[in-house]
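Asks: Protein chains in written order, with numbering that gives the first Met the number 0: chain U, 0 to 170; chain H, 0 to 66.
Hints in this document: simulated from the structure, not taken from any laboratory. A portion of the hints provided could be inaccurate.
What the hints assert, rightly or not - Label-pair distances were calculated between CB atoms; the ranges are:
#1 H:Arg-2 to U:Arg-54: 30 to 38 angstroms
#2 H:Ser-44 to U:His-132: 38 to 46 angstroms
#3 U:Arg-42 to H:Ala-31: 40 to 48 angstroms
#4 H:Pro-64 to U:Leu-109: 53 to 61 angstroms
#5 H:Arg-2 to U:Phe-111: 37 to 45 angstroms
#6 H:Phe-41 to U:Ile-104: 44 to 52 angstroms
#7 H:Lys-49 to U:Leu-109: 48 to 56 angstroms
#8 H:Val-59 to U:Lys-170: 22 to 30 angstroms
No experiment lies behind these values; they were computed from the predicted model shown. For each residue, glycine too, the CB sits at the ideal point set by N, CA and C.
Below are the chains, spelled out letter by letter.
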Amino acid sequence: MLASRVFGLVGRRSICTSLCLRAHGHAGIVKAEDYTLPAYVDRRDVPLPEVAFVRDLSAQQQALKEKEKASWSALSVDEKVELYRMKFNESYAEMNKGTNEWKTILGGVLFFLGLTGIILIWQKHFMYGTIPHTFSEEWLSAQTKRMLDMRVNPVEGISAQWDFDKNEWKK
Amino acid sequence: MRRLLARRMKFHLLGAFLVSIGCATLYKFGIAEPRNRAYAEFYKSYDPMKDFEAMKAAGVFECAPPK
Numbered sequence: 000m001l002a003s004r005v006f007g008l009v010g011r012r013s014i015c016t017s018l019c020l021r022a023h024g025h026a027g028i029v030k031a032e033d034y035t036l037p038a039y040v041d042r043r044d045v046p047l048p049e050v051a052f053v054r055d056l057s058a059q060q061q062a063l064k065e066k067e068k069a070s071w072s073a074l075s076v077d078e079k080v081e082l083y084r085m086k087f088n089e090s091y092a093e094m095n096k097g098t099n100e101w102k103t104i105l106g107g108v109l110f111f112l113g114l115t116g117i118i119l120i121w122q123k124h125f126m127y128g129t130i131p132h133t134f135s136e137e138w139l140s141a142q143t144k145r146m147l148d149m150r151v152n153p154v155e156g157i158s159a160q161w162d163f164d165k166n167e168w169k170k
Numbered sequence: 000m001r002r003l004l005a006r007r008m009k010f011h012l013l014g015a016f017l018v019s020i021g022c023a024t025l026y027k028f029g030i031a032e033p034r035n036r037a038y039a040e041f042y043k044s045y046d047p048m049k050d051f052e053a054m055k056a057a058g059v060f061e062c063a064p065p066k
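Construct the complete structure from the given sequences, taking the supplied hints into account.
Replies: And the structure:
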């Protein structure tokens with residue numbers, strides 16, 4: 000509403016889209032761009048699209064359209080199919096049919112995962128330095144022993160897996 | 000195409016309901032129940048003083064050295 004007030008103040012003529020600017024050299028008549036016209040869609044929930052599929056009919060198709068104006072029982076099956084194909088692109092069966100796209104997608108995903116894996120392996124081998132000394136076997140076993148001494152997670156965790164009487168991991 | 004939305008909606012509503020209820024039940028009986036039982040079992044026969052003495056003997060306490 001405010002926008003229309005602005006229009007009234009500023010004056011409709013001064014607001015020009017690029018299309019109108021183009022028209023200023025051509026007697027003020029603009030050819031309607033394709034994107035502004037109603038379009039044809041193949042959608043399950045749009046059974047009758049706004050326009051027919053074939054926009055520019057050949058001479059033969061135009062003759063068929065003329066014949067369509069008469070009694071339909073005069074049309075042969077092929078002509079009826081031709082008229083259908085002029086009006087619609089895909090039938091419902093064709094529209095709803097599944098594709099094999101998922102195979103391509105899965106293949107692409109797995110391929111790039113593998114590529115990433117190769118890159119990571121290369122990095123570990125050639126790029127990264129030595130890991131900290133706290134990952135050595137002795138350090139890790141001393142660390143685990145200290146965790147068990149402290150009774151870390153005694154209910155469901157690590158201390159629950161250790162048999163304190165026999166001094167070994169539970170079977 | 001008749002009742003397209005209704006059919007789809009019915010299917011998906013039912014499915015969503017079942018899936019969510021199923022997930023909740025699975026979680027309750029797969030994860031929550033065993034966890035509760037584990038805690039109950041642990042604390043049934045838990046002697047904190049004995050535990051403390053064992054930890055003290057192992058030497059993990061700064062203010063309660065094993066002596």
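Asks: None of the hints should be skipped; say for each whether it holds.
Replies: Against the structure, the hints:
For Arg-2 of chain H and Arg-54 of chain U, the hinted distance range of 30 to 38 angstroms is satisfied, since their beta carbons lie about 33 angstroms from each other. The hinted window of 38 to 46 angstroms between Ser-44 of chain H and His-132 of chain U holds, with their beta carbons roughly 40 angstroms apart. Checked against the given bound of 40 to 48 angstroms, the beta carbons of Arg-42 of chain U and Ala-31 of chain H, roughly 45 angstroms apart, stay inside it. Judged by the Cβ atoms, the range 53 to 61 angstroms given for Pro-64 of chain H and Leu-109 of chain U holds: they are separated by roughly 58 angstroms.
For the pair Arg-2 of chain H and Phe-111 of chain U, the beta carbons lie near 42 angstroms from each other, so the given range of 37 to 45 angstroms is met. Between Phe-41 of chain H and Ile-104 of chain U the C-beta distance comes to about 48 angstroms, which sits within the given range of 44 to 52 angstroms. Under the hint 48 to 56 angstroms, the C-beta atoms of Lys-49 of chain H and Leu-109 of chain U, about 55 angstroms apart, fit the expected range. In this structure the supplied range 22 to 30 angstroms holds for Val-59 of chain H paired with Lys-170 of chain U, their Cβ-Cβ distance being about 26 angstroms.
Checked against the numbered hints above, the structure breaks none of them.
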